[in-house]
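Here's the letter readout for the chains.
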Amino acid sequence: EPVTATKGESVNMVLLPKFLGILPFDQAHRGAQEAHAELENKGELLYVGPTPENSVAGQIEIMTTAATQGQDVVMLSNNSGDQIVPSAQAAQEAGTKVVTWDSPIPSAEGETVFVAQVDFNDIGVVMADMAHNIMGGEGEFAILSATPDAANQNAWIAAMERALEGEKYANMTLVDTVYGDDQSELSYNRALALVDKHANLKLIMAPTSVGIVSAAKAMQDEGLCDEIKVSGLGVPAEMVSYTMNGCAPEFALWSFVDLGYLTYYTSYLIATGAIPGNVGDEFEAGRMGTFSIEEDPTRDAGNRVLMGPFTVYNADNVEAAAQ
Amino acid sequence: MTGWLQSVHPQTLRVTALALVLALVILFFGSQIDNYYTARMFNRISTSVAIILLIAIGQALVVITRNIDLSVGSIVGFTAYLVGDLLVAQPDLHPLVVVAAAMALGTALGAVNGLLVAYGRVPAIIVTLGTLALYRTLLVEYSDARSITTANLPKWVVELPQATLFSIGNLDIRVTFAIALGVALVVHLALTRLRAARRLYAVGSNPDAAAIAGINAERVVFTAFLLSGALAGLAGFVFLARFGNITVVAGLGFELKSVAAVVVGGVNIFGGSGTVIGVVLGTTLVDVIDNSLTRWALVSEFWRDALLGMLILIAVAADTLMNRYLDRLRRRRHMSELSAGTAPLPRETG
Amino acid sequence: MPEPVLAPPVLTLAGVAKSFALTAALADVSLELMPGEIHALVGENGAGKSTLIKIMTGVHQPDEGTIRLAGTAVTITDTQAAQRLGIAAIYQEPMVFPDLDVAENIFISHRDQGLLMDWRRLHEAASSQIARLGVTLDVRRAASGLTLAEQQTVEIARAISLDVKVLIMDEPTASLSAHEVARLMAIARTLKDQGVAVLYITHRLEEVFELADRVTVLRDGRHISTRPITEVTPDALVRDMVGRAVDHFVPKAAAGPHGELVLRVRGLAREGVFTGVGFDLHAGEVLCFSGLVGSRRTDIGLALFGIQPATTGTIELDGRAVLIESPEAAMRHGIAYVSEDRRKLGLAMALPITANISLASLRRLLGKLGLIDRRAELAMAEKHKERLNIRTHSVALEVGKLSGGNQQKVMLAKWLETEPRLLIFDEPTRGIDVGAKTEVHAIINDLAAQGVAIIVISSDLPEVMALADRVLVMREGRQMGIFAIEDATPEGIMSLATGERPADAA
Amino acid sequence: MRRLVRWELLLLVILAVTIVINSAMSPMFLTIGNQINLFQLSIEKIIVALMMTLVIINGEIDLSVASMMGLAACAFGWLFQLGVPAGVAIPMVLALGLLGGAFNAFWITVIGMPSLVVTLAMLIGFRGMARILVEDRGITGFPEWFNALGQQPILGPLPLALLVFAVLFVILLVVLHRSGFGRKVYVIGNSAEVARYSGVAVPRVKALLFIASGFVASLAGLLYTARVSAVRGDVALGFELDIITMVLLGGVSIFGGKGTLWGVLLSILIVLNLRNGMALANITGHLQTGVIGLLLILSVLVPNLVQSARLSFRPGSAAR
Ligand SMILES: Nc1ncnc2c1ncn2[C@@H]1O[C@H](COP(=O)(O)OP(=O)(O)OP(=O)(O)O)[C@@H](O)[C@H]1O
Ligand SMILES: Nc1ncnc2c1ncn2[C@@H]1O[C@H](COP(=O)(O)OP(=O)(O)OP(=O)(O)O)[C@@H](O)[C@H]1O
Ligand SMILES: [Mg+2]
Ligand SMILES: [Mg+2]
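If you read the protein sequences in the order shown, they are chains F, D, Z and L. Going by this note's numbering, the letters in the first sequence line up with residues 47 to 369, in that order. Going by this note's numbering, the letters in the second sequence line up with residues 535 to 884, in that order. Going by this note's numbering, the letters in the third sequence line up with residues -11 to 494, in that order. Going by this note's numbering, the letters in the fourth sequence line up with residues 55 to 374, in that order.
In short, the hints are calculated from the structure, not lab data. You may find that some hints are simply not true.
Part of the chain Z face toward chain D, derived, beta carbon under 7 Å [what the hints assert, rightly or not]:
| id | residue |
| --- | --- |
| 1 | Gln68 |
| 2 | Pro86 |
| 3 | Asp87 |
| 4 | Leu357 |
| 5 | Leu359 |
No residue lacks a Cβ here, since even glycine has one placed at the ideal position from N, Cα and C.
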């Protein structure tokens, strides 16, 4: 019997993104606001975050401050790896729940539960499949990731490499993995360097929204879109022109609005004590339906709520999604 | 020893040493990377140099006056975003108006720096460390987490990076690169020919003496910041055209990159000396090293930065030592001529 | 002889006063400059001379008083304004732009030369300005390599190249030797003939009497007297300046037998700089280096002090050959070098007097743990303040705020404190007043009497004649000869230094 | 000298105002726990800032400190993964810090390159070496005692890093303001030539400072590792600007020769309290950096304006 949330309780909640100022996290904020209104929470929903330059130290600082302020729950898109653990544990001890979303705490220590946008293994498979589609099942491709420290990207790349071992992908070779540090300029230059370094390159797979547009623009600018395609994870609004002109025929993403919404519900329920946050808890998350807490198969430890699914965008649906 | 050394200006010597180092670096990578000496490589590097060169030239103007502008990265981001926003709202604006708007915006931000440094007498590093944060804050607040996307930009902007002015064989001279080179040429001519521009050197060389010589040092410093802002604004426009997708992190880190290009290019960080040719060579040197390392098969992704740091260090050291050696050679030659009685005595003999 | 001047004064200062935080630098000073006169301004160190001229050129603003130019009251807000009014100055401390070449340095203040640089014309014009001063200097050279005297030359050329009504020279000859001084005086006279009012500040009284039409004395920031030169005697002038009578030069103690051989130099050379230097120096002996500006005397000092070590030759101290490759090494051997350029090389201008005086002998102030004994440091500074008569209300004052002469004394104090065996003075009395000069000479003689071996590099011939036991003459980096003082005449030294007489005639 | 006293007075006033406003805004602010947290959150930066004060007063700059912190942390993680016991790895990492500092010092004092260029290159270089060591891994699982060093109180409520900060402050205070070495640091900052002509071994002083700077940075890197009990390639990324900001706000002249450690201590307290107060008021991200940037500018601008306003009262005495 799934648990339903009691409306109108007073829960102070903090939504803590990797950093402020970019679209996906703002969308998640919108989803959380939607849930906040729906649940008639008498408490406050705060949206605070660090700057991109100071992300790790900033997240730790905000986590510590939230505990000091006696907030009830921090919803964290973790950019700090396990460096956040001591402060998250301290927060838990002080009575502040820590729910992660988008990007978990790798060791799961100090984390109550992780709201996963999709199954990380699935992302690997989908990326492999998109590559397979675009390349016609054979040839060389390379990965352009964010930073070497980006935990999600690393997990997705690992999952993709596992998927590539399958029979279906036998004629595809992953020749290189490079990092554009989630900055347009670096990503753009790295993409071109990949092209020069690997004469037979057919695809650049960029599991990061900054990387994928930069790579697409680079291929377009150098007139390479016919030979080398771009794919990965991207925001439809940013990708629409490249999908329509064939530079990036296919890419995937999930809804950050929904992710924010679901994270809010999960956190609210845990903070109000409606669910303890253990494996097996089942609950109702408003318009999104029923979810449950399960063990996270993509990490050595930790639990997750799996949102899913995600959408693969192509020329047929990207324009509608970009609106 | 050769006679020409004696007549060579020290700045020329400096540039020569730097050019030699650059040549060595290119020769080295040529032996390591297949298809290195190709038009494609030229196009890659020329286009990637274009943005940072504009910023570095502005930075050089400021550094020559014994100041520093750490806010250039934020100015680039700010103008890129605002001009993008303007273009989304009014896609039919004439390109020249757009460029003018970008430069005006940059100039305005540079003016704030300049006012505070020159007339507020606040050290440049403090002012621009402050505005580095402030301009970025303004951008974040203004943008409200929206980003500019390629899809909403006019076609001519999106296509600008691939626009080619003319080609020599396969060598494309892209418009963006031509803009940067054009600016470099204009500034070079100004710095060597324009009387007013020489005051930048005077002020940076000895601010006290400048005041006493009747130079309006405040105005000179203010102007340098204006120009740096204007060039960062122009770079912001090129940035917008090149990457299309502008978020609040646009231009992050350009401040240190431009300072690196400027000091590698032989501009004295304590003011008073430096040439545009040096800056062009310095920018190119750093960029060639960076771009070559990413294409060097032997080097794994994780080794790149360590090598980049070491190569910059070695290049600058080589430049320093070579420069010092040439200078010593020059002086020694002068003295041996002196004692042989073939050179004019440098001083009064009665 | 000066005619009685009838024309109205070109520049009039009336009741000018100026104070800095705790110092009243000027109080109720009035001064009139006539067109076509050379007006000398003299006074002790710190009397307020430089402050007065900085008020005329807009560097400082007066607290009280008025300035009139040709009868009309003016406010001189900054140096540009002064230049527009036709007032230019050569400052006491040369202010050149090290990164610009000599020619640009000379013409930097000219604003009527068009939009673009004409480098060829610039260099030609600069060459001719320099030639007017009787100096050969490559105008394409960057000013950073110039010696202090050369910098002074550039300053002078800059000032006289401007079309001025009033030219102020603040100790222009402080680092020039007789030869260049003569050229400068000739120029001053030419300007005077063209109707320019020249205000000439100097501590060398013989120049006052040779050049000036009238002379004004300042003391402690107050105007003491202004008189035609014909109506004053040197002694009267000194009395006005100091407020009491002063003996001009301390007579040299009879050159007694000198002590042990301290320093023996043979075949000393530094590649491309100087060559063939050799001499002996005994304890208690004063050896003076004489020569024209740029004759590389300073460089020998620098070699002995390890700043720019010699490349060939031997240096023996107490009969043992030593290698001096750094100032630290030189100081370990008991060598001290008082630089000619106090501003750039001698003093840390932003630090207090105490820290400057103790700098070279810090080690002796260090207690356990390497901490500075501040009380001892203060006592050290006070001791020198007394002994050298350093004019300041507090030894905690930043050195940069002292007058030029007092700065010089602080620098001397720094080196005296190291108690060296061999002391090299480079232009030790540059810019210090007659009283102080006498004091410094007395100190040098004292030190010699105590058995310190002393080298004095000086462009001031009377000083050389007064101090030296022997004189070493340099020309263009070569040692031309050594005289015992009994055999030396100023004319003999000069002709050797200028090459008018073959070297072997010495 | 008197100027500096006035500067520190100004900082003291700013600090007092910050504290008053903070405690009025948030009841949590003045709790001991929060006060310790406020230090803990930036403790490594402020430790490095103390050493940086000496480097900048000496007329130089060390931009490589944050990368050295990262390298130290990564070297520690890497050694630990290799099976080196933490107790052995610590001295090895500290030695690495000395070595890194000596490396900087070599190019600066022996080759004669400007420290800005050298340390800018090593800002990239040290970070790159950290990358070589850990690549894309995150390393955790250090021994309890090690993590405790960064997280548990050692003396009363005070954690180790805060004690290190206090001890380092006192040591550097004595060294800079009382010792012969400190005097030389000031003189060199004022004019390296004057120092040389006075027999000061300028290269030795500079080299010592850079070596010490490398050492302190590596120590800070270790303290950071203990505090967050994990290591990644981006440890301390970008800290250099914060560190330099604190030093400059403390009244230290970027041209060298001027400034005191007291000023820097006050500026550290201001920045930390301001940050903390804003965080408690939920002002984060760019707004926070913006406010600190504004403070940095205003703290110099306002006194300047006040001064010239006062001077223009007495007509025509604009002191230059
Ligand atoms: N900027 C300043 N701040 C404080 N005091 C100053 C400043 N400039 C000059 N003074 C003081 O004013 C007095 C007059 O100095 P000034 O330089 O005019 O003397 P001077 O007559 O030129 O001496 P000298 O012959 O040594 O050059 C001195 O006591 C000096 O210390
Ligand atoms: N061409 C030059 N380039 C750089 N430095 C120079 C040059 N000529 C001289 N110097 C430096 O200037 C200082 C004084 O030099 P020099 O030996 O010519 O002085 P001097 O004979 O004492 O004459 P002066 O009266 O000019 O001091 C020394 O430090 C010397 O190295
Ligand atoms: Mg004077
Ligand atoms: Mg000399």
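The hints, checked one at a time:
Interface restraint check: Z/Gln68 against chain D, minimum CB-CB distance 4 Å, threshold 7 Å, status holds. A distance limit of 7 Å between C-beta atoms decides the matter here; for Z/Pro86 the minimum to chain D is near 6 Å, and the interface restraint holds. At a threshold of 7 Å, the smallest CB-CB gap from Z/Asp87 to chain D is about 4 Å, leaving the interface hint in force. The interface hint given for Z/Leu357 is violated, since its Cβ lies 35 Å from the closest Cβ of chain D, which is over the 7 Å cut-off.
The restraint placing Z/Leu359 at the interface with chain D is violated, with a minimum CB-CB distance near 32 Å, outside the 7 Å limit.
Hints 4 and 5, counting from the list given before, are not met by this structure.
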